[in-house]
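Participant: Read off the chains here:
There are 2 protein chains.
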Amino acid sequence: MAIDYKLYYWDLPFRGNFIRLLLEDCGASYKMHDASEIYPDRSLKISNPGMAPPYLYDCHSKTYYAQMPAILMHLGKKFDYLPKRAETLTLALKTILDCNDVLMEITNYNGSTMWEKSAWEAFRYSRLADWMTIFEKTGRDHGLKGDKGFLLGTRLSVADIATAALFGTMIYSFPALESDLQQHASNIARLCRRVEARPAIRRFLEIQREENGRGYCGGQIERSLRQMIG
Amino acid sequence: MAIDYKLYYWDLPFRGNFIRLLLEDCGASYKMHDASEIYPDRSLKISNPGMAPPYLYDCHSKTYYAQMPAILMHLGKKFDYLPKRAETLTLALKTILDCNDVLMEITNYNGSTMWEKSAWEAFRYSRLADWMTIFEKTGRDHGLKGDKGFLLGTRLSVADIATAALFGTMIYSFPALESDLQQHASNIARLCRRVEARPAIRRFLEIQREENGRGYCGGQIERSLRQMIG
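Going down the list, the sequences are from chains A and B. Numbered according to this note's numbering, the first sequence spans residues -5 to 224. Numbered according to this note's numbering, the second sequence spans residues -5 to 224.
Quick list of simulated restraints, FRET-style, between CB atoms: (1) B/E204 x A/K78: 38 to 48 Å; (2) B/Q214 x A/A46: 25 to 35 Å; (3) B/D5 x A/I(-3): 44 to 54 Å; (4) B/D5 x A/A(-4): 48 to 58 Å; (5) A/H27 x B/G21: 43 to 53 Å; (6) B/A113 x A/A113: 16 to 26 Å; (7) B/R187 x A/R197: 47 to 57 Å; (8) A/R220 x B/A113: 25 to 35 Å; (9) B/K111 x A/G140: 50 to 60 Å; (10) B/E200 x A/P169: 50 to 60 Å; (11) A/Y119 x B/H27: 23 to 33 Å; (12) B/E204 x A/H27: 50 to 60 Å; (13) A/D135 x B/I(-3): 15 to 25 Å; (14) B/G21 x A/A80: 16 to 26 Å.
List of simulated lysine-lysine pairs, DSS-like, C-alpha gap at most 27 Å: (15) A/K78 x B/K0; (16) A/K56 x B/K71; (17) A/K78 x B/K72; (18) A/K142 x A/K78; (19) A/K25 x A/K56; (20) A/K39 x A/K56; (21) A/K39 x B/K78; (22) A/K39 x B/K139; (23) A/K139 x B/K56; (24) B/K39 x B/K25; (25) A/K56 x A/K72; (26) A/K131 x B/K0; (27) A/K56 x A/K71; (28) B/K25 x B/K56; (29) A/K139 x B/K39; (30) B/K131 x B/K71; (31) A/K25 x A/K71; (32) B/K78 x A/K56; (33) B/K72 x B/K56; (34) A/K39 x B/K131; (35) B/K142 x B/K72; (36) A/K0 x A/K56; (37) A/K71 x B/K72; (38) A/K142 x B/K56; (39) B/K71 x A/K131.
If you are wondering where the hints come from, they were derived from the structure by calculation, not from laboratory data. Since we're looking at a predicted model, the values are computed, not measured. Ideal Cβ positions, reconstructed from N, Cα and C, are used throughout, including at glycine.
Please work from the sequences and hints to get the whole structure.
Facilitator: Structure, rendered in structure tokens:
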């Protein structure tokens, strides 16, 4: 049977799970390909070239897309995971961009330098806490409370998928950070559990976590993070 | 007369001009406010809080938006600067995200460390050249050639505004980089000149450049860039 998408990424949740959780939830068919099939040698040669994975290939339109937030908004539109109002549509994208910034910051700018204790603690107890607060307040501003509502209103959207891909993955990979999330963003912690409990996502995560354990972003920077968090 | 938007940013083109070029081109009324009116003290307190400037405030819907790419897509939708097809709509967002990555990279991750000669040259002659190539090839893939066409097809879109805000600003602020752009992305260099020649944008840039000279991102990191580029 023909598949809908090919996703080029590594066997790690980091940026990949943002896209995979949505593909799983909406039931699109896709096949994982190792990022090395494109990156780095073919990155500039494909049509609509992009600097780095993930790359999504749409098998029907034969189009490559780079940039996780663009891929997620694309799939969100196609599979009806976008908020309808102009305000919340924009905030959905803003939320994904916030997620992308957190990924970059927690890896100390994509692993450009390794973490040192004082810088890590300044990040964890100030900046990361502020990020958690931003998500929590955004949810509250739109009616998220306990098991009621979603990040941007009464309907699940791509912003909830992204929030779970960010914080659900983070606290599964680094259980010590669960208490940080609980402290600064208790409704977000609960939202992540609700998204992760959706049947297709739960099945996917069970298999992924059995195969990959608590792997996060890989490389030296994951080792550095594990040294910090202990 | 009531204005449409307030834009909270510094008197620097860096991330602000992405939004200002569009506001100018479409003739929306807006007022600049210094970023310090929100950032950092009120960043987490406004509705839909955001980590850092720019913030756009919509005076009609009384809504704050953070994250430059989200703001630009929001205005693009409102003022009809978005491509119509799903493919090119996604690529418009992807292009803005690429721009945002280049801004982060040219400032050595938002100024987290100052440039040193060898790292700068590795960036300038490899990574920055690759970014320029990505834009050039994207344009070619969609019919941009000489004075014909735009980045994503036959119609000007938010992607062209973003491309000019990135590379037009960069080579105005650092004239030595103009030959890099000409070498790796000659059609993009020409596209930037065409966008900058649009009447409202030209008038805006004349005033901004008279007032602010070749200022780029400000701070120590701009001084570091000027030391590198000489």
